[in-house]
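Student: Sequence:
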Amino acid sequence: MLPTPCISWHVLVLCIWLPSIALGYGSSDDSLQMNQIQVIGTHNSYHAGLASSEAQQMLQKNPKLYQALDYRHRPLDLQLSSGVRQIELDIFADTEGGRYAHPSGPDAVAAAGLPKDPER
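Oh and the sequence shown: position 90 is 90 in the numbering used here, straight run, nothing missing.
Be aware that a few hints might be false.
Quick list of in silico lysine to any residue cross-link-like pairs, SDA-like style, CA-CA up to 25 Å [claimed, not checked]:
| hint | residue 1 | residue 2 |
| --- | --- | --- |
| 1 | K61 | A51 |
| 2 | K61 | A108 |
| 3 | K116 | P103 |
| 4 | K116 | D94 |
| 5 | K64 | G97 |
| 6 | K61 | L50 |
| 7 | K64 | G105 |
| 8 | K116 | N62 |
| 9 | K61 | P106 |
| 10 | K116 | Q56 |
| 11 | K61 | A112 |
| 12 | K116 | H47 |
| 13 | K61 | G97 |
| 14 | K116 | L50 |
| 15 | K61 | E96 |
| 16 | K116 | Q60 |
| 17 | K64 | S104 |
| 18 | K116 | H73 |
| 19 | K116 | A68 |
| 20 | K64 | D117 |
| 21 | K64 | K116 |
| 22 | K61 | Y71 |
| 23 | K116 | R72 |
Derived Cβ-Cβ restraints for the label pairs, each shown as a range [what the hints assert, rightly or not]:
| hint | residue 1 | residue 2 | range |
| --- | --- | --- | --- |
| 24 | G97 | Q56 | 14 to 20 Å |
| 25 | L59 | I91 | 27 to 33 Å |
| 26 | K116 | H47 | 16 to 22 Å |
| 27 | E119 | L65 | 22 to 28 Å |
| 28 | L89 | L69 | 15 to 21 Å |
| 29 | A111 | G41 | 33 to 39 Å |
| 30 | L32 | Q56 | 44 to 50 Å |
| 31 | S104 | D30 | 46 to 52 Å |
| 32 | Q56 | D30 | 52 to 58 Å |
| 33 | G83 | L32 | 19 to 25 Å |
| 34 | D30 | P103 | 44 to 50 Å |
Calculated directly from the structure, the hints in this document are not laboratory data. Remember, predicted model here, so these are calculated numbers, not experimental data. Virtual Cβ for every residue (Gly too), placed ideally from N, Cα, C.
Build out the structure end to end from the sequences listed, making use of the hints.
Tutor: This is how it looks when you write it as structure tokens:
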């Protein structure tokens, strides 16, 4: 039996190759275009949920926003083994906020007098 990474690689190759044959892109003159590929993926693939103080503050101030942002993904290995083939990872840490945008959660927590959430 092949190790799991090899099986996943072979499945990925088949998922790309077989549809191209079915659509008639199997000849050497044609190539599979990026807009002809569709895979299952997750956005913010590492998302582990909101920090507790931030979640408490958001739930009180804006329950609809809380409902939209209070989600968690399974660990990456479980996502990949369940069929996810596209993941999104931010490769630069933004522990202070402001590298990409200034998050309002930490400021709202401080303004409410709640304890700062610990680093993850």
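Student: Regarding E119 and L65, is the given constraint of 22 to 28 Å on their beta-carbon distance met?
Tutor: Since E119 and L65 have Cβ atoms about 23 Å apart, the given range 22 to 28 Å holds.
Student: Please verify whether K116 and P103 have alpha carbons no more than 25 Å apart.
Tutor: holds, 14 Å
Student: Does the alpha-carbon distance linking K116 and H47 stay inside the 25 Å limit?
Tutor: Distance ~19 Å between K116 and H47 Cα, so the pair holds.
Student: So the hint says 44 to 50 Å: do the beta-carbon atoms of D30 and P103 match that?
Tutor: holds, 46 Å
Student: Take the C-alpha atoms of K61 and A108, compute the straight-line distance between them, and say whether it is at most 25 Å.
Tutor: Measuring from Cα to Cα gives roughly 9 Å; hence the hint holds.
Student: If you draw a straight line from the CA of K116 to the CA of A68, is it 25 Å or shorter?
Tutor: Holds, at about 22 Å.
Student: Hey, K116 versus L50, does the alpha-carbon distance stay inside 25 Å?
Tutor: With Cα atoms ~13 Å apart, K116 and L50 stay inside 25 Å; holds.
Student: Below or equal to 25 Å on CA atoms is what counts here, so check K61 against A51.
Tutor: The hint holds at about 15 Å.
Student: With 27 to 33 Å as the target window, see if L59 and I91 comply at their CB atoms.
Tutor: Cβ of L59 to Cβ of I91: about 30 Å, so the range 27 to 33 Å holds.
Student: Go ahead and decide if the range 52 to 58 Å is satisfied by the Cβ distance of Q56 to D30.
Tutor: Holds, since Q56 and D30 (Cβ atoms, about 56 Å apart) stay within the stated range.
Student: Is K116 within 25 Å of Q60, Cα to Cα?
Tutor: With Cα atoms ~17 Å apart, K116 and Q60 stay inside 25 Å; holds.
Student: Take a quick look at whether K116 and Q56 sit within 25 Å of each other, Cα to Cα.
Tutor: Holds. K116 to Q56 sits at ~12 Å (cutoff 25 Å).
In this structure, none of the earlier numbered hints is contradicted; all agree with it.
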